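Reading the sequence shown from the start, the letters are residues 5 to 201 in this note's numbering.
Hints were generated in silico from the structure; no laboratory data involved.
Some hints here could point you the wrong way.
To be verified - Mimicking EDC-like on lysine to aspartate or glutamate, the simulated pairs with C-alpha atoms at most 20 Å apart in a straight line are:
1. K32 with D109
2. K130 with D75
3. K33 with E140
4. K33 with D109
5. K33 with D92
6. K130 with D177
7. K32 with E140
8. K130 with D92
9. K130 with E140
10. K32 with D92
Keep in mind the model is a prediction, meaning the values are calculated, not measured.
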Amino acid sequence: VLMKKFFYLLVLTLVIGSVSLSAQNFAKKGVWEFGGSIGFSSVTYVYDGESADDAASSFMFDPYIGYFVIDCLELGLVPSFETYSLGDYSSNSFGIYFAPAWNFDLQSNVFPFIEGRVGYNTSTVKYDDGEEEIEETASGLAYGARGGVKVQLGNSALVNASIGYMMATMEPDGWEGDRVGSNGFDLMVGFTVFLGK
5 VLMKKFFYLL VLTLVIGSVS LSAQNFAKKG VWEFGGSIGF SSVTYVYDGE SADDAASSFM
65 FDPYIGYFVI DCLELGLVPS FETYSLGDYS SNSFGIYFAP AWNFDLQSNV FPFIEGRVGY
125 NTSTVKYDDG EEEIEETASG LAYGARGGVK VQLGNSALVN ASIGYMMATM EPDGWEGDRV
185 GSNGFDLMVG FTVFLGK
């Protein structure tokens, strides 16, 4: 139900944003983009190579900074924060990702985009094993991709909506088994400003 409401919010953001027509000056060489996105992710946890039967929902916040090295090609940096809790189990994750993106210039105020992400992720998990509260920290590489659309508002603002996939490996120190980590699909909406042109 929460993901369904979020999807409706995503569609509404795009409709409202596309109504605003303005001079198109985004996605040009030398432009900086600053802002961020919030959203929800459906995460399937993997332990020792085996995926959990059920997916969990988590909240995400992704600040963003990007720079256009040529028209349409943007190199970005994304610190990412994600939190999840259910009963006595909770998880807080932080990642830092290099995020190259291609923004399609349709000669309008609408810019579809595709983005790759690769970086490092660390997660702290707390749970009660029935006798005591356990806290564990794990870390590893993460990578993924996302696609969506940015809509220019006025001369220097954008709203955006996207869907994405991330695969993270988060193995405790000394781990010798198969993969421990997560696979996640997410929906995000955001707001950014751009400067430079």
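Okay, the hints, checked on the actual structure:
no., hint, verdict
1, K32 with D109, "holds, 9 Å"
2, K130 with D75, "violated, 45 Å"
3, K33 with E140, "violated, 44 Å"
4, K33 with D109, "holds, 12 Å"
5, K33 with D92, "violated, 49 Å"
6, K130 with D177, "holds, 16 Å"
7, K32 with E140, "violated, 45 Å"
8, K130 with D92, "holds, 8 Å"
9, K130 with E140, "holds, 7 Å"
10, K32 with D92, "violated, 49 Å"
Taken one by one, the earlier hints fail for this structure at numbers 2, 3, 5, 7 and 10, listed in ascending order.
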